[in-house]
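Chemist: Below, each chain spelled out in residue letters.
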Amino acid sequence: MQAASTGSSRSRLSKLLPVAAGLVLAALPWFVSPYQQDLIAKILVYALFALSLELLVGTTGLVSLGHAAFFGIGAYVTVLASPQGAPASIVWLVPLAMLAATAYALFVGALSLRTRGVYFIMVTLAFAQMAYFVFHDTKLGGGTDGIFMYVRPVLGAGGAVWLDLEDKRHFYYLALGALALTYALLALLLRSRFGHALVGIRLNEQRMRAAGFRTYGYKLAAFVIAGAFAGLAGFLVAVKDAAVNPELLSWHESGAVLLMIILGGLGHLRGAFIGAFAFTLLKEFFQSESLLGPLASHWQMTLGFTIIAFVAGLPKGLIGAGQMLRQRRRAPVREAADE
Amino acid sequence: MDLATFLVQCLNAVQYGLLLFLVASGLTLIFGIMGVINLAHGSFYMLGAYLAFVLAPWFGQQFLLMLLIGVLLAALFGFVLEWIFFSYLYQREHLQQVLMTYALILVFEEARSLLVGNDVHGVQAPAWLSGSFALGDLMSYPVYRLFASAACIVVAILLYWVVNRTRLGMMIRAGASNRDMVRGLGIDITLLYRIVFAGGVALAALAGMIAAPLSSVYPGMGGSVLIICFVVVVIGGIGSITGALIASLLVGFVDTFGKVFYAEYSGIGVYLLMAIILIWRPEGLMKRGA
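Taken in order, these protein sequences are the chains called A and B. Residue numbering for the first sequence follows my numbering, beginning at 1 and increasing consecutively. Residue numbering for the second sequence follows my numbering, beginning at 1 and increasing consecutively.
Rather than coming from a laboratory, the hints here were simulated on the basis of the structure. Small disclaimer: the values here were computed from a predicted structure and weren't measured. Beta carbons are placed, not taken as given, at the ideal position from N, Cα and C, and that holds for glycine. Hints should not be assumed to be uniformly reliable.
[As the list claims (entries may be wrong)] Taking beta-carbon pairs under 7 Å as the criterion, some of the chain A residues facing chain B (in silico):
| no. | residue |
| --- | --- |
| 1 | ASP137 |
| 2 | LEU220 |
| 3 | ALA221 |
| 4 | LEU303 |
[Unchecked claim] Cβ pair distances, simulated, as ranges:
| no. | chain 1 | residue 1 | chain 2 | residue 2 | range |
| --- | --- | --- | --- | --- | --- |
| 5 | B | VAL154 | A | ASN204 | 47 to 57 Å |
| 6 | A | SER14 | B | ILE279 | 37 to 47 Å |
| 7 | A | VAL91 | B | ASN178 | 31 to 41 Å |
Please model the complete structure; the sequences and the hints are all you need to start from.
Modeler: Take a look at the structure:
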């Protein structure tokens, strides 16, 4: 009886958790330094990016190592489409960036979903590299240095400006809003018939096909939706830095975002958020000279070993770690009996 | 384009393709036999290039001896690495393999920067290989590039012989087409895996050593080679050495002539080739195993 009531209160609590986290994040800018606000804004952008990949990897079971392509395309289109003299309007710039990412996702998805497993990983990586070369080698993308955005976009009508992204706090709230909206949309999507079909494909694609689902179409839809939201994250990162460079599309970026969702825990939307938070802070920590001294300049080494230890020890991510601890505490007797 | 230029470009394409083949053949075998996706394979190419940089002053004109010593060192490195790290990856999902080998790249890059530094280096070809000979009236072709192609061809033939004519090769082929059956037949799969992995590392490092005098030796040089080799493996078909050879040469030609005709967009050509192959044959030119 008591167990049942704590169980339901826990599930109610876990439903409220994202809302509570959103409220805390909304209040944060009033309490932290500008530097910290910038850092959290960056985390919000990467959380959105990770969330889009979670739909693909965690839900549908498609491991893509080329997700940064859509992120980068969204970012480049944002900068390329912004006029130099006057601020662009968010109203058309966001859809444009998402549309460009979606279009490339449709092309890549249609081809790469003809393959599976290791092939799929390699093909997505290769197509991301192709996009990388387009911006790296041609005049369009400005080469290695990338391109700058002269004026950040605004949201307004008839002379009134409601949201001016030159203001860092405005940007913070835009990023938070975009993240919350994406989170809500994906949560709804996962509860729909479509979302359940995607989970079914991850668990057993053969059976889904036998049940009459055209799995290719479902997977392609998931791929394209993930690409569109990655494009939205790309828009945000371009506006945040007011610059883009080809590294946004590099496979290191794809690897990092994949790492974030594993770090958080696959199969949970909040895992993507926790992972983005943890990864960014971890990287910040390893690069911080005041905390680690001379070790900071070798952050790749420390980060690399941490990742290896983490994937080896906690394959289910930080969320999984919490569950593992809880289970161990609750059932020590049965575990001993099993052994 | 006149005939001499065309010929020179053909030679370049073949030479580039053969170098790719050395890296990709190890990669495709490791995929095919152990089922491990190894992102760190490009690092072995980098390892080779840096080995050449470090060893070259010691050996002077004894370039072939240096290649041999380098290959042995790389194979030893691969053997130990498989032992202490990769053998734990076989039971894991692809996703975890991707992450752990990705982390391994970070570690390798940092180790490289600690040991050799972050500068770009050049490696001198030995004097007996550094000339060039005339091709027609205006063109000339460096001897070293011919040597590189020849060395790759020798290695490719050797590889063909090992895989198709020896007992070890028989086990490798059997492993690529049905892993579980090989295990069931009582073959020491642990040792087989270790040998194949060490061989793959040695091949990639050899390619790096041969390439070192052609290109410079620089940080992060493994990454671009790795992705091109993925393309080669996808086009050729996982686990097929013949497929890897055909695909490497195809990629070599597309890349080289892409640079001649559309310099600005040359980076894209190889990937378009892959897209076309995927439409035509999603499992690669030489489908093998599963």
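Chemist: For a quick check of understanding: which of the numbered hints are violated here, in increasing order?
Modeler: Failing hints, ascending: 2, 3, 7.
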